[in-house]
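J.: This is what each chain is made of:
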Amino acid sequence: MTKKKKKNDEDRIGVFICSCGTNIGGVINVRKLAREFKDYPGVVFTTSNMFTCSKDGQDTIAKQIKEHNLTGVVIGACTPKLHEQLFREILEENGLNPFRLAQANLREHDTWIHGDDPEGAYKVAYDLVVAAIERAKKLEDIGFEEYPVEKSVLVIGAGIAGIQSALDLADKDIKVHLVEKYTSIGGYMARLEKTFPTLDCSMCILSPKLSAIERHKNIELLSYSEVLEVERDFGNFRVHIKKHPRYVDIEKCINCGACERNCPATGYDEWNLGLEERKAIYKPFPQAVPGVFFLDRESCTHWTDGCIICSEKCPSKAISYDVEAEETEITVGAIIAATGFKEMDIEELPEYGGGRFDRVLTAGQYGRLLSLVGPTEGKILMPPKFEEPPKRIAYINCAGSRDENRRPWCCNFGCMYTLRHAEMTHRLYPDEVEQWIIYHELRAGGKEYEQFYRRVRESGVRFVRGFPSDMTEEKDGSISFSVFDQGTGSLLRLNFDLVVLTMAIDPSPGAAHLAHMLGVDRSEGGFMKELHPKLEPVNTKSKGVFIAGTCQSPKDIPASVADGKAAASAAASHVLKGKVRVQMDKAVVDESLCIGCGLCEKVCPFTAISMVVRDDEKERAEISSILCTGCGKCQVVCPTGAIMRKHFTTEQIEAEILGLISAHRRQEQAEKTSGGTST
Amino acid sequence: MTETRDQKGPPEVLIDPIDISKLDPGFRKEIQSMPNAEDLSACFACSTCTAACPIANIWDIKPHQLIRMILLGMRERVISSKEIWLYLTCFECQERCPQKVRVTDIFFDCKNLAAEEGRIPDTIIALGRELIEKGQLYIVTADWEREDLNLEPEVPGLSTEYVKKKLSETRTGRLVKGGD
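Just so you know, the sequences run in chain order A and B. When we follow my numbering, the leftmost residue of the first sequence carries the number 1, and every step to the right adds one. When we follow my numbering, the leftmost residue of the second sequence carries the number 1, and every step to the right adds one.
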């Protein structure tokens, strides 16, 4: 060690060993352990406690900090993940910098795993506490920095989760920018005819919210728009948004529909999930918000053949072809991503006839057939001609889901979605249509869902437990497949006029790119990753970025709404303070040592480091403390030692390791001398 | 999942599956219209009935399978099964069903349906004949049975004639005579 060591008499360390009931105390003698440090260099006070986290334990720490004017506190207890914050607050309240705490994890790192070897566990505990004492001697005061935060939030995605977030935030007097990629808002819920388990009309409960979005003074709706770029600006985000041209003036359009009636061009109808074609100029559904028509450049022939029929027919001269995309930049204090989901592509399931057999539909498409404003006006008719109703329908659950070769996760709402389709079909055609649900496990885990499941069983729907095999298309277009029914213990060969696949669920196509821009991790399947699956479900590792709805994992409407509200609450508490407080236990650059090699910039997973040209015209690293999470990667790669991760400096880590080694040697030595006498 | 190829008609398999055309779609309703079978459809295939049954091990078709067969319309297999005549009437299945399906009562309904079609095992017919001929099921066969208990040899006031007469007028009588 060449570095200057602090003199021992300067250090006044207090050691507090926790018994944690029997968690620690049941394995090792905590009183004996505490007494070991009585004469340890630098230690002025040592004690053991039944529960250090209790009021009693807290008071002891507070009292000793003042009495002994402690310079460092060592707590041998559980993992710092649980009570470190509490202990830090006690230090701060008693005039000691909160970062003067060193916690030895005696429970998770020792007694829980070495409970079968109390002697060995005691030795490990001694080592860990010594290491913490040595670390405590090297700890420094660390402060905070504060940055201003705009009182505004960007919500990306205007499905039910995003809509709910936007409304809740707007009601708190927070400015909301709501960006939606599609031409109208409402998301998947707007496609549904009815919602389970109550079978109430989906649009009836959704459209008041759509209107509220349009009318709320605090909400700026950016439909048919995309987020291009997100930049951090200390506490805020600078966001570049592209507004695609609708070619129809929202102010002038009077919704007469003359353009659509006369339009000669057609395109893929994404609103009806490809069940039919739509005109190039159209309005996806009657209650659409914004409630005006829009021209799809992809399918329009104006730019290829010079067609101008719609603009000629328009009585209010609302259509104009020479409109360019607009780019705008906004500054917001927080972002909520609520980008939703899509069904897995049916062509990924050729064994179920996906993309091969006409009479195999996705559940989403079937839902459009049930819609009164859908392609068949609510009648169930067989594809491809949509003329005849089917006599026998099979719903196949978990199509592509819970399949290690496809999508291993559960789509969460598929079971209920299928039950809803069966019940709605039963009500439309009580005796004419025989319905079979081919399922494996039926998951009805929501409020009143089980009752709904029973109601569907009582409607006479046939349930077969097992998954189908050998799907074939008969000459008349009907579909046959074999399934082994676990209920009766028999192999069945069934034949249906229509087969509906309850498809696996993927995140929206743009979710990956957006997550990358926002600095949000993704989990299995590409769904955006929450900070903690139970306790921080709408927060992300990126401060100020929140997630809501199915972009996080597949979920149904009640859960998406709850998510939307939760994310709004989290975002509100982030922006309403007007500032963000950042603990400075982050990486810092020693400019005199930095050679501007840029290695740190390359390894930083949080894009917190950028190379900036300084006054002497040389590039050096600059670290944004708001983005830095203190992971320490840059400290490891820095070839000159210019980067120091505060609170985990090389000096502190070395002291800790040396403490471990010396404690271990001391115990070995003691064993050798006493070993001769005891054996 | 088997390999996908564009094939027409059912695949070649070593065991014959039950074709959908062999299922009777009205069977479920037929049973459901009989006494105590209203809740038949509530079955969610948990097989508690089979787990509760003290003799299910000797059944070829287990209690839960019978219920599922009724729901899918396997009329012939249910009505012709020996199991509907084998059950103990202990009501364990019915007591334990979490969906309140009256399993035992439904098996009674199945028996009645089978009887209406004259499909009764010979042993059951023999029991009926015994009843009609003797007017009672358990007959005192030896004098000492009652003497040991200090009772007079004949059961006082026992008259089986009325039972015999009435019973022979019922379906049991017709079945024993080979009619119905």
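Heads up, some of the hints might be wrong.
To be verified - The calculated SDA-like cross-link candidates involving lysine to any residue, where the alpha carbons are at most 20 Å apart (straight line), are:
1) K100(B) - E448(A)
2) K29(B) - E276(A)
3) K29(B) - K565(A)
4) K22(B) - N105(A)
5) K22(B) - L91(A)
6) K529(A) - K565(A)
7) K22(B) - F648(A)
8) K62(B) - K565(A)
9) K32(A) - L91(A)
10) K29(B) - N105(A)
11) K138(A) - D117(A)
12) K22(B) - S211(A)
13) K82(B) - S490(A)
14) K391(A) - D19(B)
15) K391(A) - S21(B)
16) K63(A) - V44(A)
17) K100(B) - E458(A)
18) K62(B) - L88(B)
19) K62(B) - Q486(A)
20) K475(A) - S21(B)
21) K447(A) - L88(B)
22) K22(B) - E434(A)
23) K29(B) - E434(A)
24) K529(A) - D556(A)
25) K22(B) - Q486(A)
26) K111(B) - F27(B)
27) K81(A) - L91(A)
28) K29(B) - Y429(A)
Everything labelled a hint here was simulated from the structure, so no lab data went into it. Bear in mind the structure is a predicted one, so any value in this text is a computation, not a measurement.
J.: All hints, please: hold or fail.
T.: These are the hints, each one checked on the structure:
With a C-alpha separation of about 18 Å, the suggested pairing of K100(B) with E448(A) holds against the 20 Å cut-off. Proposed proximity of K29(B) and E276(A) is contradicted: the alpha carbons are some 38 Å apart, above 20 Å. For the suggested pair K29(B) and K565(A), the alpha carbons sit about 46 Å apart, so the restraint of at most 20 Å is broken. Distance check on the hinted pair: K22(B) and N105(A) sit about 68 Å apart at the alpha-carbon level, beyond 20 Å; violated.
For the suggested pair K22(B) and L91(A), the alpha carbons sit about 79 Å apart, so the restraint of at most 20 Å is broken. Straight-line distance between C-alpha atoms of K529(A) and K565(A) comes to about 18 Å, which keeps the hinted pair within the 20 Å bound. With a CA separation close to 75 Å, the supplied pair K22(B) and F648(A) exceeds the 20 Å bound. Taking the CA atoms of K62(B) and K565(A), the gap is near 50 Å; set against the 20 Å cutoff, the hint is violated.
Proposed proximity of K32(A) and L91(A) is contradicted: the alpha carbons are some 25 Å apart, above 20 Å. This hinted pair does not check out: K29(B) and N105(A) have alpha carbons roughly 66 Å apart, beyond 20 Å. Straight-line distance between C-alpha atoms of K138(A) and D117(A) comes to about 32 Å, which puts the hinted pair past the 20 Å bound. Between K22(B) and S211(A) the alpha-carbon distance is near 54 Å, which puts this suggested pair outside the 20 Å criterion.
A C-alpha spacing of about 18 Å is found between K82(B) and S490(A), which places the hinted pair at or below 20 Å, so the restraint holds. Distance restraint check for K391(A) and D19(B): the Cα-Cα separation of roughly 17 Å lies within the 20 Å cut-off, and the hinted pair is therefore satisfied. This hinted pair checks out: K391(A) and S21(B) have alpha carbons roughly 13 Å apart, not beyond 20 Å. Taking the CA atoms of K63(A) and V44(A), the gap is about 13 Å. The hint holds against a cut of 20 Å.
Under the criterion of a C-alpha separation no larger than 20 Å, the hint pairing K100(B) with E458(A) is consistent with the structure, at around 13 Å. Proximity of K62(B) to L88(B) is assessed by CA-CA distance (about 13 Å); at most 20 Å being required, the pair is judged to hold. In summary, the hint linking K62(B) to Q486(A) is supported, as the alpha carbons are separated by about 12 Å, within the 20 Å threshold. A threshold of 20 Å between alpha carbons decides the hint, and for K475(A) with S21(B) the separation of about 17 Å falls inside it, so the pair holds.
Straight-line distance between C-alpha atoms of K447(A) and L88(B) comes to about 39 Å, which puts the hinted pair past the 20 Å bound. With a CA separation close to 15 Å, the supplied pair K22(B) and E434(A) stays within the 20 Å bound. Straight-line distance between C-alpha atoms of K29(B) and E434(A) comes to about 13 Å, which keeps the hinted pair within the 20 Å bound. Between the alpha carbons of K529(A) and D556(A) the distance comes to roughly 18 Å, so the proposed pair stays at or under 20 Å and holds.
Proximity of K22(B) to Q486(A) is assessed by CA-CA distance (about 18 Å); at most 20 Å being required, the pair is judged to hold. For the hint pairing K111(B) with F27(B), the CA-to-CA distance comes to about 14 Å; that is within 20 Å, so the pair holds. Note on K81(A) and L91(A): the hinted pairing holds, with a Cα-Cα distance of about 17 Å set against a maximum of 20 Å. Annotation: proposed proximity of K29(B) to Y429(A) holds, straight-line Cα distance about 17 Å (limit 20 Å).
In summary, the numbered hints that this structure violates are 2, 3, 4, 5, 7, 8, 9, 10, 11, 12, 21.
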